[in-house]
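Peer 1: Below, each chain spelled out in residue letters.
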Amino acid sequence: MTVLAPADSARETAGTAATRAPRRRRTSPATLLLVAPFALLLTGTVLVPIGYALYLSLFTERLSGLGFEGPRDVFVWLENYGEVLTDAAFHDSVLNVAAYALLHIPLMLGGALLLALLLDGATVRLRQVWSLAVFLPYAVPGVIAVLIWTYLYSPNIGPLNDVLPWDPLGSAGVLPSIVNMATWQWMGYNMIIFYTALRTVPREVLESARVDGAGPVRTALGIKVPMIRPTVFVALIFTVIGSLQLFTEPLVMRNFTGSVTSTWTPSLYVYEAAFISNDYGRAAAASLLLAVASALLSALVMRLSTRSGRSR
Amino acid sequence: MSSTSPTRGASPSRWMSRGAVHALLGIAALYSVLPLIWLLTSATKSVGDFSTTGAFELGDWNLWTNLGDLFAEEDGVFLSWIRNSLLYAGLGSVLGALICAACGYAIAKLDFPGRRALFAVTLAGVLVPTTALALPLYLLASELRVVNTFWAVFIPLLTNPFGVYLARAYAEAAVPDEVLEAARMDGSNELRTFFTIALPMMRPGVVTILLFQFVGIWNNFFLPLVMLTDPDLFPMTLGLFQWSARVSQFPQYTPLVVAGSLLAVVPLLLAFVVLQRQWRSGLAAGSVK
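For the protein sequence lines, the chains are F and S, in the order given. Every letter in the first sequence is one number past the one before it in my numbering, and letter 2, counting from 1, is 2. Start counting at 1 in the second sequence, then tack on 1000, and there's your number in my numbering.
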């Protein structure tokens, strides 16, 4: 209440101050101080590294003529990109991530949406308890989530190896095992996001639907889901970006099973190229291809979201 | 009163659907919590019991021995990992959230050259995967000869474009222009206005940014993995990963990895339970925009 009094008097004076507006346009040094830290960070840790990687991706290390002077960096135009794009190992890594994304995204977001709708239902008790329980895996570091699940998958240690009809650490079982870990980690987080959005759906709208005789399922699918569509699309974009980066799960699992190759996902491919093959040019090229691919895919999802929003 | 009969007629199926809803929520809760319970029970077991007892049953109580071994391993390097994780995440999230709040507030409420461009680049930054950035950051850091230092991990993790995006939304929703105008009339400069008036108004949002940035840094793995080779600089996640690589050859590392994992998880779980009201309302405010 105390802030209201000065606010009202300010509105009156604001009218007279408008005539002096051009003078206030001049940016004060204080404003720059507020903006500068983040602007510098964004430049130094995002823009410059990307620019530098772009530069490095155009070079490769070659031994000079007779090999006396040691390796030299040679400008090779887009050769590194060509090398990555024609590499069978890179193709496999892209296929693995595509299969992972096609399983993980619908399963995780579908599960999150279903749970959020159930939580939002009229008859549910102990909402806080359910939502907190399902959210908790989000707080577990990725490395540790993988360790926990890998032990649960391991023969003689966890129960899952006996229960499942396939070997969760075998070459065919690794993909569903990784999908499960990632789904476990992210479902609760997205459920909370969806549930929070569902709480903002005006209660009168739901009430009038109920009066019209719409059951809970029809209300959920016909009214609630369309109303939180923007939130769902934002979650979809973040999940797509996250899926393409898949790295921690396969890398940590490599400590326990030989079924995950050293280039199982594009991110692992980058890691392998940089730190095992020491081929920085190729690693930089693969990194940038990954960044461009995820930017294009998220742009595509955004296009889809605006189009489906307009067609309604 | 005739309107009561249809609802009464529907009540058995309503009871059934109510049971089904709770059953589904119960299954989801068990799926989420059981692996954590496994971590808790396993941390109390010796190497022998770990593979001979059932996954969720208790063996001999060995937790204190495991923790003792954990802190004794390699001259107590685990203690440094805890300290490092706390430094990276604690210092990083406080400073990072403040930087986000200042910039988000400025974008929402102040006029300065390049405001639109900065916001556009920030949004683009949200979409750049951190994994795709880690290698470029490593290459730059090695050019600047700062690889394998505290700063090589700390500074990149301060950058949180999504935090700026959220802070802008919070500032737009929570800080009325009239209040800022009044402060200007009173002769307060922009810096003081931000710290004494705008920041307190944005508090729930800033706490949410802080908490989620803390989790993001605490859980981060790829950047320390590529930047650091000195175990004294490792955060817990990287240290536990390196120990887990030895498990298949040296099973005695298993209790260390499991007990260490428990210690890495518990503080965050507690923080989320205790600060529930804060982050729930912060997420709500952020999701409106």
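Hints may contain errors.
[As the list claims (entries may be wrong)] If you only want the chain S side, here are some residues facing chain F, beta carbon under 7 Å, derived: (1) Arg-1018; (2) Gly-1019; (3) Ile-1027; (4) Leu-1140.
[Said to hold, decoys possible] Non-contacting residues of chain S with respect to chain F, defined by C-beta distances greater than 12 Å in every case (computed): (5) Trp-1061; (6) Glu-1073; (7) Glu-1074; (8) Leu-1087; (9) Thr-1130; (10) Glu-1143.
Bear in mind the hints are in silico, worked out from the structure with no lab data behind them. Beta carbons are placed, not taken as given, at the ideal position from N, Cα and C, and that holds for glycine.
Peer 1: So, for every hint listed, does it hold in this structure?
Peer 2: Against the structure, the hints come out as follows:
A cut of 7 Å between beta carbons decides the hint on S:Arg-1018: the least distance to chain F is about 5 Å, and the hint holds. Annotation: interface hint on S:Gly-1019 violated; nearest CB of chain F at approximately 10 Å, more than 7 Å. Checking S:Ile-1027 against chain F: minimum C-beta separation of about 10 Å lies over 7 Å; hint violated. Taking 7 Å as the C-beta cut-off, the interface hint given for S:Leu-1140 holds, the closest approach to chain F being about 5 Å.
Interface exclusion of S:Trp-1061 from chain F stands, the closest Cβ pair being 19 Å apart, more than 12 Å. The claim that S:Glu-1073 is not at the interface with chain F holds, since no C-beta of that chain comes within 12 Å of its own (minimum 16 Å). The claim that S:Glu-1074 lies off the interface holds: its Cβ sits roughly 18 Å from the closest Cβ of chain F, which is beyond the 12 Å cut-off. S:Leu-1087, annotated as away from the interface, keeps every beta carbon of chain F farther than 12 Å; the closest lies near 16 Å.
Listed as outside the interface, S:Thr-1130 is inconsistent with that label: its C-beta sits roughly 7 Å from the nearest C-beta of chain F, within the 12 Å cut-off. In this structure S:Glu-1143 is not separated from chain F by more than 12 Å, as the shortest Cβ-Cβ distance comes to only about 7 Å.
When each numbered hint is compared with the structure, violations occur for hints 2, 3, 9 and 10.
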